[in-house]
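A.B. asks: Chain residues, written in single-letter form:
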Amino acid sequence: MIHSLLAVYYREMLIMRRRLTRLIPSWSVSPLLYLIAFGYAMGKHVEIDGHSYMEFLIPGLIAMNSMTQSFAIASEINIARFYWHIFEEIQAAPVSDLSYVAGEVLAGITRAILSTTVILILGTIFGVNLSCNFMFWLGVLLNSFVFSSLAVGLAMLVKSHGDQVLLTSFVITPMAFLGGTFFPLENFPVWGQNLIHILPITHAAKAIRAASLGNTPQISSYVVMAATGCLFFVLSVMCVKKAKD
Amino acid sequence: MIKVENLNKIYKSVHALKDINLHVKKGELFAYLGPNGAGKSTTIRILTALTNPTSGTVSINGFDIKNSGFAFFKSNSIKSRQQCGLVPQSINLDQELSVYENLTIHGLLFRMGKSERNKKIEELLSYVDLSSRKESLVKELSGGMKRRLMIARALMHSPSVLFLDEPTVGLDAGMRRKIWGLIKKIQQQGTTIFLTTHYIEEAEFLADRVAFLDTGTILVVDTPSNLMSRLGTWALDRLIEDKMEPIYFSNREEANSYIASQNESFTLRRVNLEDAFLSMTGKKVK
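Protein sequences appear in the order of chains A and B.
If you use this note's numbering, the first sequence corresponds to residues 1 to 245, in order.
If you use this note's numbering, the second sequence corresponds to residues 1001 to 1286, in order.
Among the hints, a few may not be true.
Derived Cβ-Cβ restraints for the label pairs, each shown as a range [to be verified]: (1) B/TYR1100 with A/ILE113: 47 to 55 Å; (2) A/ALA226 with B/ARG1177: 39 to 47 Å; (3) B/THR1267 with A/SER160: 24 to 32 Å; (4) B/THR1267 with A/LEU157: 28 to 36 Å; (5) B/SER1160 with A/MET1: 17 to 25 Å; (6) B/LYS1012 with A/CYS230: 46 to 54 Å; (7) B/ASN1008 with A/MET1: 47 to 55 Å; (8) B/PRO1035 with A/VAL234: 53 to 61 Å; (9) B/GLY1113 with A/THR21: 31 to 39 Å; (10) A/PHE177 with B/GLU1005: 51 to 59 Å; (11) B/ASP1237 with A/TYR83: 54 to 62 Å; (12) A/LEU231 with B/ARG1177: 37 to 45 Å; (13) B/TYR1100 with A/GLU47: 30 to 38 Å.
In silico PhoX-like cross-links for lysine-lysine, where the CA-CA straight-line distance does not exceed 20 Å [unchecked claim]: (14) B/LYS1066 with A/LYS241; (15) B/LYS1114 with B/LYS1139; (16) B/LYS1134 with B/LYS1120; (17) B/LYS1079 with B/LYS1018; (18) A/LYS244 with B/LYS1184; (19) B/LYS1243 with B/LYS1284; (20) A/LYS242 with B/LYS1066; (21) B/LYS1026 with B/LYS1012; (22) B/LYS1119 with B/LYS1066; (23) B/LYS1134 with B/LYS1114; (24) B/LYS1119 with B/LYS1139; (25) B/LYS1026 with B/LYS1185; (26) B/LYS1134 with B/LYS1119; (27) A/LYS159 with A/LYS244; (28) B/LYS1025 with B/LYS1012; (29) B/LYS1114 with A/LYS244; (30) A/LYS159 with A/LYS44; (31) A/LYS242 with B/LYS1012; (32) B/LYS1012 with A/LYS241; (33) B/LYS1018 with A/LYS241; (34) B/LYS1066 with A/LYS244; (35) B/LYS1178 with B/LYS1243; (36) A/LYS241 with A/LYS159; (37) B/LYS1114 with B/LYS1146; (38) A/LYS159 with B/LYS1012; (39) B/LYS1185 with B/LYS1025; (40) B/LYS1119 with B/LYS1079.
Treat the hints as calculated values from the structure; they're not laboratory data.
A virtual CB, placed ideally from N, CA and C, is assigned to each residue, including glycine.
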């Protein structure tokens, strides 16, 4: 099983290595614009819970970015599936559905970790040094586990690459803006806060922000992310089986 | 080697395969001949575990291709996949990766060790005449090179059964002949080959046995020579109301004397598999 998992992962890494010179600038552009527009220009004189807005924003951007970048593995899978038919090569090989999903999820996590590193470097350039401790990286890892697992499952269910774009617009983009990335959730009415707490990104933003600002994150956030990730992972394995028809 | 019993595939309202029964022997080159939409690719997809059958059983070297239940780990299907090599109809190589990287990934997927993998890559690239393009990106290769690379890739893990789904589609005559030579060479080394094609001459040249497939049903399975000799050896084509109608003869002399007795023009040629298919279905393969 490990052998096949590594084969799937290795393929994604080879492709990513080929594209790295294009990927790094693309990982930098959006966070850089958010930092300039919201962090530097708009939030210069804003303070939240004793921290500058820039300090508040960067962990949120990391949560958002690790979500979008790990979810982006879905597009890679769809291009391989619908345009290049490479999914068939893997399906015809002695690779179990479990190994396939694990390999792709691992690739999504790697992508998220690399893009997080890019944001941390940008943060340093803007004069913000976060505490990148174990709980911080665990938050990033679990958040990307949740969304890369979701990505693999959805990539198996969609019938075209266009459907995938729609899913990103309706699922990922709202979460990116509402999950406590740019503003404190306390600004919402109570019913809104309860609703937003259902989203895994909210727990990721809370955990990553608390850990990176030197506070103690809530363990429940990690438990929610781990449980959601495991659920999505199992569903994804089932979706791979379904994709054969 | 390949055993198919009562295989059916239904896509919503389309019955794509109807009670297919096949037995392909070890070392045999078996051709599956039929027009587009006959069910050739569906059969190959089921035999290589890419599509689930609606009913029926398929085994490769005694291993059932179907998983029983929700198989997370090793299963019969995985064991049967280990025995098979597949060259699909559409080019499914990683275009952004090199020739070497594509073969390496395949080797890894089939659990080959590094030294075994590298040795096999060198051997196969020389076999398909691509040694000089080892580091080239796939997107830089010509169509014929990509086809040869796909055959090399399918042979990486030394499969005992090779499935070729329209392996020469879209290639010029010269390249097609080159690939035929390669397929013959692979068979001579003991590999069982299951080939789908709609090129008559391909099936005639390569196959030990041919199955005629039309609208999801196997009409007949026999050797190309037996299928053709049912009609005769020579054929005369004559034009009747914008349509070529063949007349068959058991030998050339009979055909010549027929021509002499008629006051019209004919084209004399040898009987081919197209004639056999036409006589059974009333339609051409292509």
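A.B. asks: State for each hint whether it applies.
C.D. replies: Here's how the hints hold up against the structure:
1. Separated by about 28 Å at the C-beta atoms, B/TYR1100 and A/ILE113 break the suggested range of 47 to 55 Å.
2. Our hint of 39 to 47 Å for A/ALA226 and B/ARG1177 is violated, since their Cβ atoms are close to 59 Å apart.
3. One distance hint, 24 to 32 Å for the beta-carbon pair B/THR1267 and A/SER160, is violated here, with the actual separation near 47 Å.
4. Distance hint check: the CB atoms of B/THR1267 and A/LEU157 are about 55 Å apart, inconsistent with the given range 28 to 36 Å.
5. Between B/SER1160 and A/MET1 the beta carbon distance is about 23 Å. The supplied range of 17 to 25 Å therefore holds.
6. B/LYS1012 and A/CYS230 have their C-beta atoms about 34 Å apart, which leaves the hinted 46 to 54 Å range violated.
7. Against the hinted window of 47 to 55 Å, the Cβ-Cβ separation of B/ASN1008 and A/MET1 comes to about 32 Å, which falls outside the hint.
8. Taking the beta carbon of each, B/PRO1035 and A/VAL234 are about 43 Å apart, not inside 53 to 61 Å as hinted.
9. Taking 31 to 39 Å as the suggested C-beta distance range, the pair B/GLY1113 and A/THR21 conforms, at roughly 32 Å.
10. Between A/PHE177 and B/GLU1005 the beta carbon distance is about 56 Å. The supplied range of 51 to 59 Å therefore holds.
11. Separated by about 43 Å at the C-beta atoms, B/ASP1237 and A/TYR83 break the suggested range of 54 to 62 Å.
12. Judged by the Cβ atoms, the range 37 to 45 Å given for A/LEU231 and B/ARG1177 is violated: they are separated by roughly 55 Å.
13. At about 56 Å, the beta-carbon gap between B/TYR1100 and A/GLU47 misses the expected band of 30 to 38 Å.
14. With a CA separation close to 12 Å, the supplied pair B/LYS1066 and A/LYS241 stays within the 20 Å bound.
15. Between the alpha carbons of B/LYS1114 and B/LYS1139 the distance comes to roughly 25 Å, so the proposed pair goes past 20 Å and is violated.
16. Distance restraint check for B/LYS1134 and B/LYS1120: the Cα-Cα separation of roughly 13 Å lies within the 20 Å cut-off, and the hinted pair is therefore satisfied.
17. Our distance criterion of 20 Å between C-alpha atoms is broken by B/LYS1079 and B/LYS1018, whose separation comes to about 26 Å.
18. Straight-line distance between C-alpha atoms of A/LYS244 and B/LYS1184 comes to about 32 Å, which puts the hinted pair past the 20 Å bound.
19. Between B/LYS1243 and B/LYS1284, the direct Cα distance comes to roughly 12 Å. Compliance with the 20 Å bound is thereby established for this hinted pair.
20. Of the supplied pair hints, the one linking A/LYS242 and B/LYS1066 holds, its CA atoms being roughly 13 Å apart against a limit of 20 Å.
21. For the proposed pair B/LYS1026 and B/LYS1012, the alpha carbon gap of about 35 Å is over 20 Å, so the pair is violated.
22. In summary, the hint linking B/LYS1119 to B/LYS1066 is not supported, as the alpha carbons are separated by about 33 Å, beyond the 20 Å threshold.
23. For the given pair, B/LYS1134 sits about 17 Å from B/LYS1114 by alpha-carbon distance, which is consistent with the 20 Å threshold.
24. Our distance criterion of 20 Å between C-alpha atoms is broken by B/LYS1119 and B/LYS1139, whose separation comes to about 24 Å.
25. Between B/LYS1026 and B/LYS1185, the direct Cα distance comes to roughly 16 Å. Compliance with the 20 Å bound is thereby established for this hinted pair.
26. Using a Cα cut-off of 20 Å, the hinted pair B/LYS1134 and B/LYS1119 holds, with the two alpha carbons roughly 13 Å apart.
27. At most 20 Å may separate the alpha-carbon atoms for a hinted pair to count; A/LYS159 and A/LYS244 meet this at roughly 12 Å.
28. Among the hinted pairs, B/LYS1025 with B/LYS1012 is inconsistent with the structure: their alpha-carbon atoms are about 33 Å apart, more than 20 Å.
29. With a C-alpha separation of about 30 Å, the suggested pair B/LYS1114 and A/LYS244 falls outside the 20 Å cut-off, and the hint is violated.
30. The hinted pair formed by A/LYS159 and A/LYS44 fails the criterion: a straight-line CA distance of about 45 Å is larger than 20 Å.
31. Taking the CA atoms of A/LYS242 and B/LYS1012, the gap is near 15 Å; set against the 20 Å cutoff, the hint holds.
32. With a CA separation close to 18 Å, the supplied pair B/LYS1012 and A/LYS241 stays within the 20 Å bound.
33. At roughly 24 Å between alpha-carbon atoms, B/LYS1018 and A/LYS241 are farther apart than 20 Å, so this suggested pair is violated.
34. Of the supplied pair hints, the one linking B/LYS1066 and A/LYS244 holds, its CA atoms being roughly 12 Å apart against a limit of 20 Å.
35. For the suggested pair B/LYS1178 and B/LYS1243, the alpha carbons sit about 34 Å apart, so the restraint of at most 20 Å is broken.
36. As the CA atoms of A/LYS241 and A/LYS159 are separated by approximately 15 Å, the hinted pair is consistent with the 20 Å bound.
37. Taking the CA atoms of B/LYS1114 and B/LYS1146, the gap is near 24 Å; set against the 20 Å cutoff, the hint is violated.
38. Taking the CA atoms of A/LYS159 and B/LYS1012, the gap is near 16 Å; set against the 20 Å cutoff, the hint holds.
39. With a C-alpha separation of about 18 Å, the suggested pair B/LYS1185 and B/LYS1025 falls inside the 20 Å cut-off, and the hint holds.
40. Under the criterion of a C-alpha separation no larger than 20 Å, the hint pairing B/LYS1119 with B/LYS1079 is inconsistent with the structure, at around 24 Å.
The structure does not agree with the numbered hints 1, 2, 3, 4, 6, 7, 8, 11, 12, 13, 15, 17, 18, 21, 22, 24, 28, 29, 30, 33, 35, 37, 40 stated previously, though it agrees with the rest.
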